[in-house]
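Residue numbers (full-length UniProt numbering): 1 to 217.
None of these hints come from the bench; they were simulated from the model.
All C-beta atoms in this analysis are idealised placements derived from N, C-alpha and C, irrespective of residue type, glycine included.
Among the clues, some could well be false.
[Stated by the list, open to error] Derived DEER-like restraints, expressed as beta-carbon distance ranges: (1) Glu143 to Val84: 23 to 31 angstroms; (2) Met135 to Gly16: 28 to 36 angstroms; (3) Lys163 to His35: 19 to 27 angstroms; (4) His42 to Lys139: 45 to 53 angstroms; (5) Asp78 to Gln166: 34 to 42 angstroms; (6) Leu89 to His33: 14 to 22 angstroms.
[Stated by the list, open to error] In silico DSS-like links for lysine-lysine, alpha-carbon gap of 30 angstroms or less: (7) Lys139 to Lys58; (8) Lys188 to Lys163; (9) Lys191 to Lys41; (10) Lys15 to Lys73; (11) Lys155 to Lys191; (12) Lys73 to Lys163; (13) Lys58 to Lys87; (14) Lys188 to Lys174; (15) Lys191 to Lys163; (16) Lys174 to Lys73; (17) Lys139 to Lys191; (18) Lys8 to Lys58; (19) Lys73 to Lys8; (20) Lys174 to Lys139; (21) Lys174 to Lys163; (22) Lys87 to Lys191; (23) Lys155 to Lys50; (24) Lys191 to Lys73; (25) Lys163 to Lys87; (26) Lys163 to Lys133; (27) Lys139 to Lys87; (28) Lys73 to Lys139; (29) Lys174 to Lys15.
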Amino acid sequence: MPCAYASKAMTGAQKGYAQIEKQLLAILFACEHFHQYIYGKHVVVQTDHKPLVAIFNKPLVSALLRLQRMLMKIQRYDIELHYVPGKYLYLADTPSRATSTDNNITESEDKFDEEVEAHVGLLRMHLNATDHKVMEIQKATSENVVCNSLSFYIKNGWLNSIKRVQPMVQHYHKFRNELTEYRGLIYKRDKLIILLNCRSDLLSKLHYGHFGVNKTK
Numbered sequence: 001m002p003c004a005y006a007s008k009a010m011t012g013a014q015k016g017y018a019q020i021e022k023q024l025l026a027i028l029f030a031c032e033h034f035h036q037y038i039y040g041k042h043v044v045v046q047t048d049h050k051p052l053v054a055i056f057n058k059p060l061v062s063a064l065l066r067l068q069r070m071l072m073k074i075q076r077y078d079i080e081l082h083y084v085p086g087k088y089l090y091l092a093d094t095p096s097r098a099t100s101t102d103n104n105i106t107e108s109e110d111k112f113d114e115e116v117e118a119h120v121g122l123l124r125m126h127l128n129a130t131d132h133k134v135m136e137i138q139k140a141t142s143e144n145v146v147c148n149s150l151s152f153y154i155k156n157g158w159l160n161s162i163k164r165v166q167p168m169v170q171h172y173h174k175f176r177n178e179l180t181e182y183r184g185l186i187y188k189r190d191k192l193i194i195l196l197n198c199r200s201d202l203l204s205k206l207h208y209g210h211f212g213v214n215k216t217k
């Protein structure tokens, strides 16, 4: 029988995380909340989010930047991650539906959010593009139906079966766990994705701007 339960409200930044990032955030919270019980002991963690198991078994550098930050904090614990279908996680699933009205966010959580976002913000800093070009890409991304569909799956989780995924984004299913979104831009790990379906529109908008065709690289 369980000896304790715990839950927390997500900060504004955390609500915008991809589904896999939210799942790892939950594990990090549980480890830190129950630190006095589990530190120095081998712990089995059950998750209904199968992609997380693969992330735990890969080198740290292969994970998304937000995941890297959280994984580094988790490494001090001896964790073994097991996948269990959600329908069998009765004890975790049932209490999670009775949400708490306590939405207090601690100062340490806010600080961690700032550290994580600064870490992820390195993606933007390494883009070889002006602020104007970045804004054009953000606008084109927000107006494109394929980009919007991809953003939905990143934030809400991907279906395991590729056949159940919308055809327009099935190509991205095979590397779905490498995708993240930051400030309206979609990345595969540290590479900016400009979807094929919106490249022509994007190039047209960039060429139409102040830089002209020859200066748009």
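- Numbers of unmet hints, in rising order: The structure conflicts with hints 1, 2, 3, 7, 9, 12, 22, 26, 27, 28, although it agrees with all the remaining ones.
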